[in-house]
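Taken in order, these protein sequences are the chains called A, B and C.
Per the working numbering, the very first residue in the first sequence carries number 89; after that it's consecutive.
Per the working numbering, the very first residue in the second sequence carries number 89; after that it's consecutive.
Per the working numbering, the very first residue in the third sequence carries number 89; after that it's consecutive.
Everything labelled a hint here was simulated from the structure, so no lab data went into it.
If you're wondering where the values come from, they're calculated on a predicted model, not measured in any experiment.
Check the hints yourself; a few may be wrong.
The list cannot tell twin chains apart, which means a pair is met if one copy fits it or any two copies do.
Derived lysine to any residue pairs resembling SDA-like cross-links, with alpha carbons at most 20 Å apart [as the list claims (entries may be wrong)]: (1) Lys103 / Ala295; (2) Lys103 / His527; (3) Lys103 / Glu526; (4) Lys228 / Ala238; (5) Lys228 / Thr217; (6) Lys551 / Gln159; (7) Lys551 / Asp532; (8) Lys548 / Asn185; (9) Lys313 / Glu303; (10) Lys548 / His186; (11) Lys548 / Ile161; (12) Lys313 / Ser253; (13) Lys551 / Gly160; (14) Lys548 / Gly160.
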Amino acid sequence: MALLNEDRLFPAEEKTRTIARRLYAEIRSLPIVSPHGHTQAGWFAHNEPFPDPVALFVQPDHYVFRMLYSQGISLDALEIGRTSIEEPRKVWRLFANHYHLFRGTPSRLWLDFAFETLFGMTNRLSGETADLYFDTIEAKLRTAEFKPRALYDRFGIEVLATTDSPLDTLEDHAAIRTSGWNGRILPTFRPDPVVDPAFAGFAEGIAKLGALTSEDTATWRGYLKALATRRGFFKSLGATATDHGHPTAQTADLSEAEAEWLFGKVLGGEANAAQQEIFRAQMLTEMARMSLDDGLVMQIHPGAVRNHNAQVYAHYGRDMGADIPGPTGYVEALRPLLDRFGNEAGLTILLFTLDETVYSRELAPLAGHYPCLRLGPPWWFNDSPEGMRRFREQATETAGFYNTVGFNDDTRAFLSIPARHDVARRMDAGFLARLVAEHRLEEDEAVELAHELTLGLVRKAYKLGSA
Amino acid sequence: MALLNEDRLFPAEEKTRTIARRLYAEIRSLPIVSPHGHTQAGWFAHNEPFPDPVALFVQPDHYVFRMLYSQGISLDALEIGRTSIEEPRKVWRLFANHYHLFRGTPSRLWLDFAFETLFGMTNRLSGETADLYFDTIEAKLRTAEFKPRALYDRFGIEVLATTDSPLDTLEDHAAIRTSGWNGRILPTFRPDPVVDPAFAGFAEGIAKLGALTSEDTATWRGYLKALATRRGFFKSLGATATDHGHPTAQTADLSEAEAEWLFGKVLGGEANAAQQEIFRAQMLTEMARMSLDDGLVMQIHPGAVRNHNAQVYAHYGRDMGADIPGPTGYVEALRPLLDRFGNEAGLTILLFTLDETVYSRELAPLAGHYPCLRLGPPWWFNDSPEGMRRFREQATETAGFYNTVGFNDDTRAFLSIPARHDVARRMDAGFLARLVAEHRLEEDEAVELAHELTLGLVRKAYKLGSA
Amino acid sequence: MALLNEDRLFPAEEKTRTIARRLYAEIRSLPIVSPHGHTQAGWFAHNEPFPDPVALFVQPDHYVFRMLYSQGISLDALEIGRTSIEEPRKVWRLFANHYHLFRGTPSRLWLDFAFETLFGMTNRLSGETADLYFDTIEAKLRTAEFKPRALYDRFGIEVLATTDSPLDTLEDHAAIRTSGWNGRILPTFRPDPVVDPAFAGFAEGIAKLGALTSEDTATWRGYLKALATRRGFFKSLGATATDHGHPTAQTADLSEAEAEWLFGKVLGGEANAAQQEIFRAQMLTEMARMSLDDGLVMQIHPGAVRNHNAQVYAHYGRDMGADIPGPTGYVEALRPLLDRFGNEAGLTILLFTLDETVYSRELAPLAGHYPCLRLGPPWWFNDSPEGMRRFREQATETAGFYNTVGFNDDTRAFLSIPARHDVARRMDAGFLARLVAEHRLEEDEAVELAHELTLGLVRKAYKLGSA
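Kindly produce the complete structure, drawing on both the sequences and the hints.
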């Protein structure tokens, strides 16, 4: 018995599957480029062992605990939101007893991949095997080859980006660079805490930004200079990209006087919701302008209604599996930014979405025209086999492959990284195999594309060099 | 020749089809649980024979006559809207002559299923076979085994829910319960006529509600008490669920004073469209509150623009195939209700949609988080092979299987019930088979899921017991 | 080696592919009916040779140059927007060097089809083969069999419609009719320049309309009479249809007094954006009324945000690959028109969309009910293999096949016409084959449908007679 079949995720049709196998064989062992995610630089700076199976697989993974919660298991019973797990084995058993809930979900694929390839498990996780899993995983976590740096190497990671606040001092990143370890961990400049007036602690953040940069961030110009300075600092530690998690894709192009006035309002806490939205919109355009200066690639991740569950937010805080996507428009929203910078070949903006209806209607036509636009991979809820298939089917015919930028795992769960990239490689191999089997592409072209989708496009889009 | 092939609706790919056959064999003969539909309790109370082929297959089925109408056949020629059919054979021939219009539609699958399994027809319906069909069906309808109760048994129905106004006295339901017949026909509490101010006869309905319950329904409190009383009455006759067919999914959470004031406005006929919408929204939240008290499961069926064709509505009334779906949002619409009751594990709310764009974007993320939410099956226009496939492909990866509730047929056409459930079982078998063939699921798990999707989940969600 | 495989675009699964081959064999050589497109009547009136490969394949095809532009190639380098190409071989090499960008796009399929079937090329276009292609194509273009009329015959075109302004004098169409050549080139009445107040030169156009018809187009009545007169003129030269490229599908039904007042506003240039929208909306209803009089079929093509790229528009003008679709609603938008004319069996309105979310939600339910409505084929960005598949999968179950109207190519690139129809025939054969392989349709029915989808439905919908 095994958890993983060699042909998993390939189309069942034999001619197509045979082609998919060949394409996958070309790319399965290529290095992992992970340009966007939420792992912690501290893991690699300190290289401490991961604590226990629950702290590794359940607590940090909102994909996992939201599903359990949706079926009536309380977050308290899962010890969510605690700094340390009191009864890890008990939580693990609860998880194991409900493992059937993940049937048909990508979490199941990612977990099984880690269970088998890292921990050698071959019988499915269940109430019966819960303790075997727990004991096996816990024992291995104590060994040297399960420390973060060893896993980084074992996973074949070429480069791994974290996501960081402009207020972060990036000490862990600095420590890694001076440690002598040759792993490549890069920060990403994610300014939401200091550009989104609705972010908790916005004004304090801006004051802190001033302190960090010795700029007068109480003024619009000082604020912009401080942001540029921090971008430069991030860049000095290897950053090649910024990231923007706005509620919408709205951009704006205000005059300097208007922007200055608006900045006063939001800083003073007097801006209403519409003014806050315009401020965020303006800041996307300001960030694009700075990108033209410093070359950092812009990632726009819009469309999540954050913290939809008020009670859960009140008791447990952010990132508790209660962010819900809404309809997200790009055509009018991006126009102010594109009117100004849309034809700059030196600018790269990567668009992501949680609203799949825009793949064929808006994103592919936009990316299939504007030189600065590229399409990020299917994201979050859509980082899944069917989600990937829909993205390729709906975006490729208008945007082509070369206006996309490969895969990113966007994960907080370090051990899921190889699994997630493996799913993407298999799904791309399967999609390309279908095009070949239907004689819409020759196999030599599919091979070239498989390499591009795995390594070429991501390295180029994120300016990561070629290894 | 035959109308039905044993492998119909299974994927053509041989490995997958073989698995689908095995899965389907497990579930094809399981009892039918029909928790939501529009059959008439009177059929089973009185057990009279069905009149003629047209009264059975054409007149009650807006799927059928809307298609004929769309191709230029007048509703008068089809004798739609008449209490009795004057020239059933003539109407039948008209239908038979245009049977090709249904190619590629689920109606064709449902009709062929009934024609072959119930009436032994093996040659396709057409102008040539019209009379043979008419005579055969008419003759069989006069026999004892074609009376409603006999068909109920023959279909293997375990339980069948109707949909009823709070103003309905449920005499037929009561008569069935005292008749000694062991069929299980349950009412469903559908309060639209007395909670939707736009419903024709709203104020009269509320007065009648008062008379039925001896409550003063001219007051907000009396009105709520009367509704609670009627819910209790429905429950006493077996009801386990309520149903809400609102234009949108909007909910509200007004203060009692606001609600009382608004009730006065709508009752007095002075509320504008926006106020009527808020009133409906508030009533969804009130119904959720009552569900927490009495345990009735809530079904929300939003999104149809009713009676879109003004001329057809003026001449023929409601339910004439002219209801057209529009875009339907859930994320903000449900928030007021969810803010109040979203974390109540004792509450069950089943969400339906006519807007497929929300499966992956809104419904699966909501149901994959909130303990009270489950996803109803693809509904109405989406109760079709491709509709079912899209639902599974778009909802499963985020919501899993266990946040769905099996199939319901939602039909007015009694004879289509086995056909509709058969389509659903075949499509589920095919979907599960694909997951197995692509090694995303083991076959033993698929077998377990096939049973759950057919019986387990629906019995549990609707609190119907286990046979 | 060859560019084209005999089985291209058919499903890989062997049973299904075998059926698809049989269905396609039935229709592959049927004549081409092209009821909607943007070729130029002048080509056939003057029958001059096409100039060079770039003028044929690159310059007129915004599908081609927008993709190159999106990847950083300037429009100037492609000599876009020039009246004659100065360095065609240089542009051709640029195109050839980037031919890999079109992998996975329909442009690639269309181009390869023309390259192989017309020019005998068998090695893929690339930097290496650029000159061979250029020389071969250029040489052939100088021969008699590559003149427009010869190609028309060679393509097996039965009828070809152009799209024309009401201000066009249709001299080329008249010349063709008196030329003795038996090709059937029909004009289409596209009144956007004189019914859309936002169209550049709107007021001048209306004055010119008056001059052409000797009506006082400064008055509402004179304006309407002038439009009716021009419709009659188009009809006298063979037109069977009108076409309406509005930003939205909005219709209106104003009183005559309101319409008259609004006409004064828009003609005087005093109307704001909302009033302009109502005017366009009213004009759709006026056009429907005229269609009832003169029998011209109405095509509504809404949903493109035109000229999204302000800089490109300023330098290069319209139709530069920068039109981007937005969300498009039909249910409420069409209501005013449908309230008035929706039940007229004598009226035919063909609905198109760039927003695929409406196929199952709005368009199929509308066309599956209203006698006057039919669904146009997938259009523009969706005129592609996956776009066609989605259309059939999402529209057929509710609208059936008979509420659709076959394929149209909508192209400016004359040489892509046979390729585009071939793609449509192959995709329809594949879709029908799947229904047969899944036993949802018998093969004799699929054969009948294949003929209908290729010829029967389009001839009937556009009133083109049967050859």
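Hint numbers not upheld by this structure, sorted from lowest to highest: Numbers 1, 7, in rising order.
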